[in-house]
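Visitor: Protein sequences, first through last, are from chains A and B. Sequential numbering of the first sequence, starting at 3, is according to the working numbering. Sequential numbering of the second sequence, starting at 84, is according to the working numbering.
In short, the hints are calculated from the structure, not lab data. Built from N, CA and C at the ideal position, the CB exists for glycine as well. Some hints here could point you the wrong way.
What the hints assert, rightly or not - So the derived label-pair ranges between C-beta atoms look like this:
(1) A:A106 <-> B:T90: 33 to 39 Å
(2) B:P137 <-> A:S262: 33 to 39 Å
(3) A:S287 <-> B:N97: 15 to 21 Å
(4) A:G36 <-> B:E162: 56 to 62 Å
(5) A:D374 <-> B:A101: 28 to 34 Å
(6) A:Q290 <-> B:E138: 28 to 34 Å
(7) A:A266 <-> B:N97: 23 to 29 Å
(8) B:F119 <-> A:T68: 28 to 34 Å
(9) A:L280 <-> B:A165: 54 to 60 Å
(10) B:E162 <-> A:L139: 41 to 47 Å
(11) A:T66 <-> B:P137: 48 to 54 Å
(12) A:K113 <-> B:E135: 45 to 51 Å
(13) B:N97 <-> A:T68: 36 to 42 Å
Claimed, not checked - No farther apart than 30 Å at their CA atoms in a straight line, the calculated lysine-lysine pairs in the DSS-like style are these:
(14) B:K144 <-> A:K301
(15) A:K113 <-> B:K85
(16) A:K388 <-> A:K293
(17) A:K216 <-> A:K113
(18) A:K388 <-> A:K301
(19) A:K216 <-> A:K47
(20) B:K144 <-> A:K189
(21) A:K307 <-> A:K113
(22) A:K388 <-> B:K85
(23) A:K265 <-> A:K189
(24) B:K144 <-> B:K85
(25) A:K47 <-> A:K388
(26) A:K307 <-> B:K94
(27) A:K301 <-> A:K47
(28) A:K265 <-> A:K301
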Amino acid sequence: MTAASRVTAMGLTERARRAAGIAAEYADRVDVEGRFPSEGMDALKAERLMGILIRPEFGGEGATMTEIADICAILGQACASTAMTYAMHQIQVASLSDYALGSAWHESFQKRICEEQLLIASATSEAGIGGNLRNSLCAIEVEGETARLTKDATVISYGAEADAIMVTSRRNPDAAHSDQVATVFLKDQYTLERTSVWDTLGMRGTCSEGYIFKAEAPAVQILPRPFAEIAAQSMLAVSHLLWGALWYGIAADAVARAQSFVKAAARKSPGQMPPGALRLAEASSLLQLVKANVVAGLKQFAECKGDGDALNAMSFSVAMNNVKIGTSQTILTIINHCMLICGIAGYKNGTPFSLGRHLRDAHSAQLMISNDRILGNTSTMLLVNKQDTSLLG
Amino acid sequence: MKQAIRTLLAKHGNLPVAIESIDDNADLYDAGLSSFASVQVMLALEEEFDIEFPEHLLNRKSFSSVEAIAAALTEIREEQAA
């Protein structure tokens, strides 16, 4: 039995918990130094968790999105930067594994992801376009069998650490802004010239710097399906679900800390209900709402998976948007409750009840694809789409 | 019907190219139709033809081309007549 097969013989949750243990150990240091969470990511690679979503015939373990989300929630409780890096990687892998079927290059690349535990980044944001995923200014130029692309990418999370980057662009220099393709470029096929630094309030380890991206690669590395389809059917839904899962993880760890604070107070004064106890009950109820929201979204995604019509339906987009809005808003309320419970011990860094990192990391949730943009998008759909009023869907 | 669809696309579709240059079967999203504009066109069609798009037709495919919109409208009219 090889070392790799010994690892993969164990359950995904167990492997994720071990990696999370290491990520947790370095979480404060990653946050203070604003550096890539290399210990946590190395641990995920050692547990062979980078390629699990890929089909077994290409070397993966055929894991479901629900299983990936569970890993994100486990990591979110340990180190949000590690969890977010892992989630963003899996969003790219999901697009590759479902929207490059039959493409020999992409199939062999998936084998490499599994064998070498490669980390995939993404470059969608662009100067002049902002965060609108479905628009590109830059265009890929194909000459014979070679493709060339230059992109003024305002954000490439962990770009400097990635082994490959999936980049969106217009299909050709004559194409409309929304007529996009996605292309996988390998590390030795591109250069990155840094244009901005990542010194932020939270999520400080994702190192989401800006770069001028310049690449040349064989044209077969362009994904065969239009990016419009990948974005609508996979990328947006998977992002909201995996982010929601890791945001749940951040809030769950905050509630766990607040609970141990209340319990310690109860032990010190037997017979008296500690002052934060009621608030903890409120936080617990809100945490359950967040969990139910993510789990219901995962269930709906699993039911629609592989059914293009169901994934394209407006009601599906509305539901996924609602997962994002609900979780990103509610975790802030939860962590704020926890801060009130723990008081100065929560406000201070370096105590067992510190919540500063949680609160700062959680503030990114409303901004990663701005909630205002998502609410605008949902409100447009609700002009024609009837709200689903059934309880069970 | 296709002419009426084209007129509404020109008015509400906010397309970067002239509607005359787009074939009946050409992909409207590739031609630059945004999801916001597609909803505006959908509302205009509902008003023009006095219909309501049912849930199963509220997806990208129904609006992917002039031909697809025409097929969706035909289906809705047949359902309403039945």
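Visitor: Hint by hint, say whether it matches the structure.
Guide: Now for the hints, and whether the structure bears them out:
For A106 of chain A and T90 of chain B, the Cβ-Cβ distance of about 46 Å falls outside the hinted range of 33 to 39 Å, so the restraint is violated. Roughly 52 Å separates the CB atoms of P137 of chain B and S262 of chain A, a value that falls outside the hinted 33 to 39 Å. As the Cβ distance of S287 of chain A to N97 of chain B is approximately 44 Å, the hint placing it in 15 to 21 Å is violated. The hinted window of 56 to 62 Å between G36 of chain A and E162 of chain B holds, with their beta carbons roughly 58 Å apart.
The beta-carbon spacing between D374 of chain A and A101 of chain B, approximately 33 Å, falls within the hinted interval of 28 to 34 Å. For Q290 of chain A and E138 of chain B, the hinted distance range of 28 to 34 Å is satisfied, since their beta carbons lie about 30 Å from each other. At about 60 Å, the CB distance of A266 of chain A to N97 of chain B disagrees with the hint of 23 to 29 Å. Evaluation of the 28 to 34 Å hint for F119 of chain B and T68 of chain A yields a pass: the beta carbon distance comes to about 32 Å.
Taking 54 to 60 Å as the suggested C-beta distance range, the pair L280 of chain A and A165 of chain B conforms, at roughly 58 Å. In this structure, E162 of chain B and L139 of chain A meet the distance hint of 41 to 47 Å, their C-beta atoms being roughly 42 Å apart. The hint said 48 to 54 Å for the Cβ distance between T66 of chain A and P137 of chain B, and at roughly 31 Å that hint is violated. At roughly 49 Å, the beta carbons of K113 of chain A and E135 of chain B sit within the given window of 45 to 51 Å.
With their beta carbons about 38 Å apart, N97 of chain B and T68 of chain A fall inside the hinted range of 36 to 42 Å. For a cut-off of 30 Å, the pair hint linking K144 of chain B to K301 of chain A stands: about 23 Å separates their Cα positions. Distance restraint check for K113 of chain A and K85 of chain B: the Cα-Cα separation of roughly 48 Å exceeds the 30 Å cut-off, and the hinted pair is therefore not satisfied. For the proposed pair K388 of chain A and K293 of chain A, the alpha carbon gap of about 25 Å is at most 30 Å, so the pair holds.
The hinted pair formed by K216 of chain A and K113 of chain A meets the criterion: a straight-line CA distance of about 25 Å does not exceed 30 Å. Simply put, K388 of chain A and K301 of chain A have alpha-carbon atoms about 21 Å apart, close enough for the 30 Å limit, and the pair holds. Between K216 of chain A and K47 of chain A the CA atoms are separated by roughly 28 Å; this keeps the pair inside 30 Å, and the hint holds. A threshold of 30 Å between alpha carbons decides the hint, and for K144 of chain B with K189 of chain A the separation of about 36 Å lies outside it, so the pair is violated.
Restraint check for K307 of chain A and K113 of chain A: the C-alpha separation of about 22 Å stays at or below 30 Å, so the hint holds. As the CA atoms of K388 of chain A and K85 of chain B are separated by approximately 26 Å, the hinted pair is consistent with the 30 Å bound. For the proposed pair K265 of chain A and K189 of chain A, the alpha carbon gap of about 50 Å is over 30 Å, so the pair is violated. Of the pairs offered as hints, the one joining K144 of chain B and K85 of chain B holds, with about 17 Å between alpha carbons and a cut-off of 30 Å not exceeded.
Only pairs whose Cα atoms come within 30 Å are accepted, and K47 of chain A paired with K388 of chain A is rejected, the gap being roughly 44 Å. Under the criterion of a C-alpha separation no larger than 30 Å, the hint pairing K307 of chain A with K94 of chain B is inconsistent with the structure, at around 36 Å. For the suggested pair K301 of chain A and K47 of chain A, the alpha carbons sit about 28 Å apart, so the restraint of at most 30 Å is met. Proximity of K265 of chain A to K301 of chain A is assessed by CA-CA distance (about 34 Å); at most 30 Å being required, the pair is judged violated.
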